[in-house]
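Dock chain G against chain A, hints included.
Next come the chains, spelled out residue by residue.
There are 2 protein chains.
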Amino acid sequence: MTEETTMELIKRRMIGGELSENEIMKIINDISNKKLNDIEIAGFIFSQALRGMTNNEVLSMIKAMVETGKKISFENQIIYDKHSLGGVPGNKVTLLIVPIVAAYGLMIPKTSSRAITSPSGTADTMEVLAPVEFQAEEVISMVNKTKGLVVEADNDICPVDADIIGIEHYLGLNPESMMVSSILAKKIAMGINRLVIDVPVEGTKVGSMEDGQRISQRIVKIGKKIGLEIKAGLTYGGQPIGNNIGPTLEAQEAVESLKITHPDKTNSLIEKSTDLAGILFEMSGVEKGKGKSIAMDLLISGKALDKMKQIIEIQGGDPKILNEIPKSQHQETIECPRTGYVTQVDNSKLIKIARLAGAPEDKTAGIVIFGKRGDKIKKGSPLLKIYANNSKNLSKALDLALTSKPIKIEGMLLKQI
Amino acid sequence: MTEETTMELIKRRMIGGELSENEIMKIINDISNKKLNDIEIAGFIFSQALRGMTNNEVLSMIKAMVETGKKISFENQIIYDKHSLGGVPGNKVTLLIVPIVAAYGLMIPKTSSRAITSPSGTADTMEVLAPVEFQAEEVISMVNKTKGLVVEADNDICPVDADIIGIEHYLGLNPESMMVSSILAKKIAMGINRLVIDVPVEGTKVGSMEDGQRISQRIVKIGKKIGLEIKAGLTYGGQPIGNNIGPTLEAQEAVESLKITHPDKTNSLIEKSTDLAGILFEMSGVEKGKGKSIAMDLLISGKALDKMKQIIEIQGGDPKILNEIPKSQHQETIECPRTGYVTQVDNSKLIKIARLAGAPEDKTAGIVIFGKRGDKIKKGSPLLKIYANNSKNLSKALDLALTSKPIKIEGMLLKQI
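Same order as they appear, the protein sequences are chains A and G.
Numbering follows this note's numbering, with no gaps: position 187 of the first sequence is 1511.
Numbering follows this note's numbering, with no gaps: position 124 of the second sequence is 1448.
Hints are supplied without guarantee of correctness; some may be wrong.
To be verified - Just some of the chain G residues that point at chain A, by a computed CB distance under 10 Å:
1) G1429
2) K1616
3) P1661
4) I1741
Claimed, not checked - Covered stretches of chain A (in silico footprint by chain G; criterion: 3 or more residues with CB under 8 Å from a CB of chain G, positions within the stretch not fixed):
5) 1348-1357
6) 1476-1484
7) 1594-1600
8) 1688-1699
9) 1726-1737
Said to hold, decoys possible - BS3-like, lysine-lysine: derived pairs with alpha carbons at most 27 Å apart:
10) A:K1700 to G:K1703
11) G:K1709 to A:K1700
12) A:K1614 to G:K1732
13) A:K1589 to G:K1732
14) A:K1732 to G:K1612
15) A:K1700 to G:K1729
16) G:K1703 to A:K1614
17) A:K1644 to A:K1387
18) A:K1739 to A:K1720
19) A:K1589 to A:K1644
20) G:K1739 to G:K1729
Think of the hints as simulated: they come from the structure by calculation, not from any bench.
All values reported here derive from a predicted model rather than from experimental measurement.
In this text, a Cβ means the ideal position worked out from N, Cα and C, and glycines have one as well.
Just chain A, with the same shape it has in the complex (with noise of 0.2 Å):
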């Protein structure tokens, strides 16, 4: 009997056939090895969003991704990690939970990713304090010394990741086995041991609790196969973290979060924060129940802002930029039109308006929301302002802002008849 052919394997996946560990290290040998055309990866990645795969398949795919790129070793130290599935804009928790983790001691090298889809990726935001581009080996003698770090992922660590994720960005399809493999296999080659995965639920990738449960338990069994221990957090995405939206809005209102000196002065991002970090502290051996107290002592004591200077220092920027983040050239605000109630935050219009606005390749531009969900909102008070260097890209994101109304108000009339 002859050998299938890549492509065969792939068409046999699509009919609903399960693929071996050598038949999926085939395919992933071959996208590695620039065998396969877009329309072939497209194939694999159609099969995978007709037909899902199995957890045996996807443990296939975690080895095969690993095994064609570079993987960094921290030797016998525990590594702590922090990932989000994403969907939610303003989602700048890494800027808190690495500084709070690695002031607690915990070894937390995060590798993150700039934006595809969305107005900033934490790279990006993290790129307005410090340089963010380095090389594997660079990160384990760095992070021996602080801890923490927050950098771009090292383009050898799985790179068919990338050849996979620019078909998938063409077709609008990212499916869960795919995205699942994708995780894990960087957090293997990355030498995580420890991981807690934030899953926001609503308005996001993820539609219902009961989604983000089963897709929680299933990263959570599959990480077990392979040796990594994860905790899921299902979180509230139905509206922004925080109320800044861009690379420099951003790193400002985490910085601000940062300073903070009185737990009395939390918002939703230090809440979601120091709710993950928590649970890293709790997988460390803290007692069930106390993550999150010490979580927010590390951030009031202001030892977390300690540590994300150190953490900038070694990053080769300067720590003064915490006291001034440089705003955009050009703003407008946008007031709200009638007293009412904030109902609704749509999330998928507050990026689009974003990215017109120029970011995220325009690191100051963006969006900071003055309203969230059943915030009362004066007629005349602000509501929304944008923010951009290029005035006509401004113009652009503030036309949209004014037509596709991103924040919705109410009163107690709904409507009259």
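Below, chain G alone, put in the same frame as chain A:
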């Protein structure tokens, strides 16, 4: 052909036949003359729950219900009224709307019912401030002096309604055709010309905006055919209006709202009351869009409060009660178990708790809630306070509040897996 018996008419309705005006008149007359037993009335209600009624049948019902009772006339004056479809606890808007509308100079002799399934009907709440039981003839002479009143409905107005409601309550059914007939027949018998209907949507009898619009349009259309000018306001009913539930507590909150002197002090109760009063002002000829601000001005200028004093006095009460409304002997506070945001306030659970505490029979019994949707509440702050004169009722209500959790508090972390 022998004439059908009433029961034969009802059976014909049940299998889908439309009844004529004379046939419906025969049924209503028989109920009025106690010629139908409970089972026959139940059949008539079932026939409506099962098959609905045409608008012509509803018109016949209204005519018959008016004919079988007392009718009053205010001669050539235009009489205004407000009616709420109900289902929202704490809906004490009448106690603001009537003095606001009367202070403007419009006649609004509001008749209200006592609670059937709620913790407080408007008549129960008003009775905390002044007597409410009057004959229709007394209402005419009183309202000529004050323009406004808040009294209990005269039992001789549409008396069949009480017989029908008794059976509906027992069956747990309130068919739309019966509800619309009952509301509009009483308005016609009371000599009303212009009416604003409050249609609370979500968590009430009306589940969706679509349903709210359909029923509103139906009521407006039927009103037109009987010479009643109606506007409907669809209002948000997903949580209580204001924060207090129970006769005394609601009266207290209404009085506090009548005392505001600055528009910044507004709340959901004031917003809704001025929205609905504003609709009545626009029906009286005020330019479209200006009604609400007139209502707000009458409130903050103290004119509505002065009017309320006159109304209390003419109904035989002492306006001094506005300075201090008596409290229950016993109270119990539930503290917020965690810092977080209010994500849900359950109307039906709050109604059950307030009724267990003794409302409406124990006028001082009820609940004050300290958070509405979107509010942030800190761990240890008061979340809910229960009031009762009877300590046994208090402990029963407290138990239910602790176990059923009518106010849902969530942080950013929804669940950990």
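So, going through the hints one by one against the coordinates:
1. G1429: G:G1429 check fails; min Cβ-Cβ to chain A is 23 Å, beyond 10 Å.
2. K1616: 8 Å, holds
3. P1661: 13 Å, violated
4. I1741: Hint holds; G:I1741 Cβ to chain A Cβ min 4 Å, cut 10 Å.
5. 1348-1357: violated (count 0)
6. 1476-1484: violated (count 0)
7. 1594-1600: holds (count 4)
8. 1688-1699: holds (count 4)
9. 1726-1737: Holds: 4 residues of the region 1726-1737 of chain A have a Cβ under 8 Å from chain G.
10. A:K1700 to G:K1703: Cα-Cα ~22 Å, so holds.
11. G:K1709 to A:K1700: Roughly 24 Å between the alpha carbons, so the hint for G:K1709 and A:K1700 holds.
12. A:K1614 to G:K1732: 22 Å, holds
13. A:K1589 to G:K1732: 22 Å, holds
14. A:K1732 to G:K1612: Roughly 23 Å separates the two Cα atoms, so the pair holds.
15. A:K1700 to G:K1729: Holds, at roughly 25 Å.
16. G:K1703 to A:K1614: Cα-Cα ~15 Å, so holds.
17. A:K1644 to A:K1387: 43 Å, violated
18. A:K1739 to A:K1720: Status violated; Cα separation ~31 Å.
19. A:K1589 to A:K1644: 23 Å, holds
20. G:K1739 to G:K1729: 18 Å, holds
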